[in-house]
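Residue numbers (our numbering), protein chains in the order written: chain A, 1 to 63; chain B, 1 to 63; chain C, 1 to 63; chain D, 1 to 63; chain E, 1 to 63; chain F, 1 to 63.
Watch out, some of these pointers could steer you wrong.
It does not matter which identical chain is used: a pair holds within one copy or between any two.
[Unchecked claim] Simulated crosslink set (SDA-like; lysine to any residue; CA at most 20 Å straight-line):
#1 K16 <-> R48
#2 K63 <-> E45
#3 K56 <-> E26
#4 K63 <-> G9
#5 K14 <-> I62
#6 K16 <-> D60
#7 K56 <-> E45
FYI, nobody ran anything at the bench for these hints, they're computed from the structure.
There are 6 protein chains.
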Amino acid sequence: MPVITIDLGTMANKEKKCELVQALTEAASTVTQIPAEKFIVFINEMERDNIGVGGKLLSDIIK
Amino acid sequence: MPVITIDLGTMANKEKKCELVQALTEAASTVTQIPAEKFIVFINEMERDNIGVGGKLLSDIIK
Amino acid sequence: MPVITIDLGTMANKEKKCELVQALTEAASTVTQIPAEKFIVFINEMERDNIGVGGKLLSDIIK
Amino acid sequence: MPVITIDLGTMANKEKKCELVQALTEAASTVTQIPAEKFIVFINEMERDNIGVGGKLLSDIIK
Amino acid sequence: MPVITIDLGTMANKEKKCELVQALTEAASTVTQIPAEKFIVFINEMERDNIGVGGKLLSDIIK
Amino acid sequence: MPVITIDLGTMANKEKKCELVQALTEAASTVTQIPAEKFIVFINEMERDNIGVGGKLLSDIIK
Numbered sequence: 001m002p003v004i005t006i007d008l009g010t011m012a013n014k015e016k017k018c019e020l021v022q023a024l025t026e027a028a029s030t031v032t033q034i035p036a037e038k039f040i041v042f043i044n045e046m047e048r049d050n051i052g053v054g055g056k057l058l059s060d061i062i063k
Numbered sequence: 001m002p003v004i005t006i007d008l009g010t011m012a013n014k015e016k017k018c019e020l021v022q023a024l025t026e027a028a029s030t031v032t033q034i035p036a037e038k039f040i041v042f043i044n045e046m047e048r049d050n051i052g053v054g055g056k057l058l059s060d061i062i063k
Numbered sequence: 001m002p003v004i005t006i007d008l009g010t011m012a013n014k015e016k017k018c019e020l021v022q023a024l025t026e027a028a029s030t031v032t033q034i035p036a037e038k039f040i041v042f043i044n045e046m047e048r049d050n051i052g053v054g055g056k057l058l059s060d061i062i063k
Numbered sequence: 001m002p003v004i005t006i007d008l009g010t011m012a013n014k015e016k017k018c019e020l021v022q023a024l025t026e027a028a029s030t031v032t033q034i035p036a037e038k039f040i041v042f043i044n045e046m047e048r049d050n051i052g053v054g055g056k057l058l059s060d061i062i063k
Numbered sequence: 001m002p003v004i005t006i007d008l009g010t011m012a013n014k015e016k017k018c019e020l021v022q023a024l025t026e027a028a029s030t031v032t033q034i035p036a037e038k039f040i041v042f043i044n045e046m047e048r049d050n051i052g053v054g055g056k057l058l059s060d061i062i063k
Numbered sequence: 001m002p003v004i005t006i007d008l009g010t011m012a013n014k015e016k017k018c019e020l021v022q023a024l025t026e027a028a029s030t031v032t033q034i035p036a037e038k039f040i041v042f043i044n045e046m047e048r049d050n051i052g053v054g055g056k057l058l059s060d061i062i063k
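Okay, chain A solo, but in the shape it has when bound (with noise of 0.2 Å):
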């Protein structure tokens, strides 16, 4: 029963959640030989105000 969680900014549509929830669970499913129907995936979106990199907010590195 794996889990994966992806943090990272808002996405655009429940289309691409759709796809990503499948590309991640055959990518996982495919390596690991364990059955996708166990997998589960948490897509956890972020604000880019909420979100830091190199000490910087996202928000303000992308305009």
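Chain A is fixed; fit chains B, C, D, E and F onto it per the hints.
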């Protein structure tokens, strides 16, 4: 100072969250013999569009 | 498919871990009405040298 | 490529988040001697209804 | 700078970990269009005594 | 009761961990004005075989 994090779908109301925090804390405190005052619980509510199960979005599985 | 993660110091033995998984699952299942079979629990045991409380290592607080 | 995650209550404004990212990155970079550019920080703001302390909701403790 | 964390049982060897990191990164990079160089992956291997599924330890389910 | 988690490679010794806990706690306490006593820090040391950067294992990048 144990920390319990629960990732799950969105919860109905504050009363349920209150019950959940109490129940998890009591359960863990009883087993570990660590006083309940020491426990921190984070309820991480997630949209069904952001949870994948078996490679599909939960929002497409439960309608 | 909720996921419960508990971060705490190292535990005594497998029996205690077994009790902890059972107690956390039952507690959360009862409150949320989600069947116990759906829950995943991760016990994240950490050395006391790797836990800080109030700016000090737990290994220096509890001797 | 260290990743620092801070789970806390909601923050006042972007300026405070900016300061927090900078302060955490500098602190960790200084101690570990890993360059600041390599650090990622996630500020995970949580509602007081979703934080439990000692078995009670933070929203019921701090009013 | 997305971060992917995968919590799962212990893995066989370094080759498998290498494949897993590559597969997860490619999958997420393709969907999100974020360059692969930006991704960080953490493989969080856990003992079967520390994973609970449906209220039971994984070490008691898979023998 | 904020919780700071830092995921990074293995650290040299207990003295460095002690400094890290102290530095992160002070940094976050100063910015948030939350007393240092309230902070919990988890140092999550990971093997270089378990960290991926840009699709490659850190153990293959830094030798």
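Violated constraints from the hint list, given by number and in increasing order:
Hint check: nothing fails, all pass.
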